[in-house]
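Protein chains: 4
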Amino acid sequence: MLKLLEKLKEKVYEANMELQRKGLVIYTWGNVSEIDRETGLVVIKPSGVDYATMKAEDMVVVDLEGNVVEGKYKPSTDTPTHLVLYKKYSNIGGVVHTHSEWATTFAQAGMDIPAFGTTHADYFYGDVPCTRDLTDEEISNEYEKETGNVIVETIGDKNPLEVPAIVVKNHGPFAWGKDADSAVYNAVVLDKVAEMAYKTMTLNSKVERVKQHLLDKHYLRKHGANAYYGQ
Amino acid sequence: MLKLLEKLKEKVYEANMELQRKGLVIYTWGNVSEIDRETGLVVIKPSGVDYATMKAEDMVVVDLEGNVVEGKYKPSTDTPTHLVLYKKYSNIGGVVHTHSEWATTFAQAGMDIPAFGTTHADYFYGDVPCTRDLTDEEISNEYEKETGNVIVETIGDKNPLEVPAIVVKNHGPFAWGKDADSAVYNAVVLDKVAEMAYKTMTLNSKVERVKQHLLDKHYLRKHGANAYYGQ
Amino acid sequence: MLKLLEKLKEKVYEANMELQRKGLVIYTWGNVSEIDRETGLVVIKPSGVDYATMKAEDMVVVDLEGNVVEGKYKPSTDTPTHLVLYKKYSNIGGVVHTHSEWATTFAQAGMDIPAFGTTHADYFYGDVPCTRDLTDEEISNEYEKETGNVIVETIGDKNPLEVPAIVVKNHGPFAWGKDADSAVYNAVVLDKVAEMAYKTMTLNSKVERVKQHLLDKHYLRKHGANAYYGQ
Amino acid sequence: MLKLLEKLKEKVYEANMELQRKGLVIYTWGNVSEIDRETGLVVIKPSGVDYATMKAEDMVVVDLEGNVVEGKYKPSTDTPTHLVLYKKYSNIGGVVHTHSEWATTFAQAGMDIPAFGTTHADYFYGDVPCTRDLTDEEISNEYEKETGNVIVETIGDKNPLEVPAIVVKNHGPFAWGKDADSAVYNAVVLDKVAEMAYKTMTLNSKVERVKQHLLDKHYLRKHGANAYYGQ
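Residue numbers (full-length UniProt numbering), protein chains in the order written: chain A, 1 to 231; chain B, 1 to 231; chain C, 1 to 231; chain D, 1 to 231.
Hints were generated in silico from the structure; no laboratory data involved.
One copy or two, it doesn't matter: identical chains are merged, so the pair holds either way.
No farther apart than 25 Å at their CA atoms in a straight line, the calculated lysine-lysine pairs in the DSS-like style are these: (1) 87 / 7; (2) 22 / 55; (3) 145 / 222; (4) 145 / 211; (5) 217 / 145; (6) 222 / 55; (7) 74 / 222; (8) 178 / 145.
Everything numeric in this text was worked out from a predicted model, so none of it was measured.
Kindly produce the complete structure, drawing on both the sequences and the hints.
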């Protein structure tokens, strides 16, 4: 097991650094985790450690109840949000949280990110939703866990991999995927898609969503049973 | 012939990499091709291969019917769009497709990119048009080929080199030129022109197009029979 | 004492260079200072010296009345503004002034930067205020000192570290902190928060501020008596 | 004389490269010149030569009537515009033309760049004007020279160094200064000032100009008889 976790720490560390290389975070404003489904252990970034000095060995290992199993640092304060998602959805393996500027703009505006084109449809099978406000009670009691709960409530009974991202109202985006790398990839795409949605809406205030047929075509040629994009 | 294709693969590879260097694409979001008019063969980027690891030898050779003549990878899913353009217009030698952010904004907004100034006029002899919606039938049957057909329909009976670019509604830009390099050049200019058009329109909602006389002057001093720009 | 000031000059020099690395200033458009509370001496950037050639030894040492104690250059013209803040508030140790583009946009628009989300709340406990206009008399007489006075007037009886930044009307931002580094950090965050506020407001003209409860939660989990963010 | 021109060619070459380093131009979209007032000769960038391969020795020397005195290339097509400015104003020594994106946005919108703050006032003593449309006759006959004439007409009887830049309607910015370096500096500042003006106007549609008293203060503390900014 230790061998596996060493590799996973390296992978999660690299995924965190990729957030910075892609321009999604400054300072400590993001975190990535991945779960090892065999052991049920999650590797996640430590809280408030600067990307400039962080190392793979600084990653923290927690169990699904949030107990620290290994690591000299405290895990990210957002750890309870990640754990809610891992516990609820067995088909996701990596989770990312950032304050990337375009997705956070929609979070602050309290608006879904509408599907306006094929760039969106290639990755997200419909609008990327914005959650409701958390209640004062939810904020006061186990805030980070309730953030996970409101994400789950917003996804409803859908497969979370069909739209692998969300914006939490007045906060920022969470994205996920089969592992840490694909979660980061989806977080990058999310911000680019949000950027183009912002520009589309400010250019044409009467713009309409992409046709359902075109949304289906692009999503399914990459992700459907008869996908023919890629090798 | 093989010698020629080796050189062409190198050229098309470099043209694809230039898309990334100029910031027009992230991940696998673009493709460039060039046709060898003597043999009628087209060299194009493989589908879904990451720019970071792609090599010149990974380029795919197809004939004008889309049959793979050489290459270990599948060609870009957008290959049928490129082929429609090569078959229809004998004066174009290179084609580019991207999801560059400013041109895609106009595609998503369903709007032509208006000619507002001399930057536009130096390269595009009039507005850059946005296509109509594809019908559900066109999307269901040979979608990528129909994308080429709607581009041809939009160009109408004009010389495609007078306005060497278009935005496909809810999708993104295609650009072309006498070869792969000039197609990439036009794709870069297109996005810059789209950026300045967006900013012009959001700054002054009552702005009018550049005067026809000034459009003529700038386009023709670079491209007309009596051109005097450059060496 | 000289030993201390050598270290402080190096620190203030590095803090000034960090402004440029973070993209907050071009040319000579910014300045950072830090005070040594034991001696009451302030180290500050020289006036109008280019970042490209500036060295740590070029930093200027002044007392709280603005007399140059050491240094071959004249201190920043904004020195009197810094000194007003150091004299008024004993709990701040570093001050920064820039013309960073997003914060300056709010200064020019004459608008407070509203708290729209948790990114803002993590650092600023409420809106970042914009000062009133300076009067003609204030501009004519000791302009830079009056700039400091209007900042103090705007802060009122609040603790300046709760919202460690301000925008001066038609001018630009000032930020501060416990030392030069934290002042620069706050200046970087300020511009990012201003950027997202601009985008939020232009996307949704009816947007409302973040709920007070969520503002409290985020500010206090980082800065409150029971803070649990970080190590 | 030849010795002088060699140095001037090197200086003008470097000033042209600085345009690219500062992000004001892509490809061949800009040109810088400087005049040697003793000989009345002007050194200017060649037409349509790519920045990537251009060398100092490629600079072209012309006299004030536009005759090529030395150089293997044709001079910039915009040379006649530069010459009109040098002939009219004996106190300017360098001229720059770009299609930098924010200044060009105002040119395309047909709007002056209003003075909204001290960043503007530090360099431009009032709004940066936009010229009128050129007439069809002016465009047809000696277009580039008429562009110079309309700039002169717009400046009127003012000292051109008080507002050392202009935007030509539907075209782009020209900037100038005592030499090539200061002209480039002013072109960089112009684009930054235009960027912040755009953002200010789109954030607050009712925004008013900076007070005259503050404009005076900032311009004159840098450029007036009793200037006290800098060393």
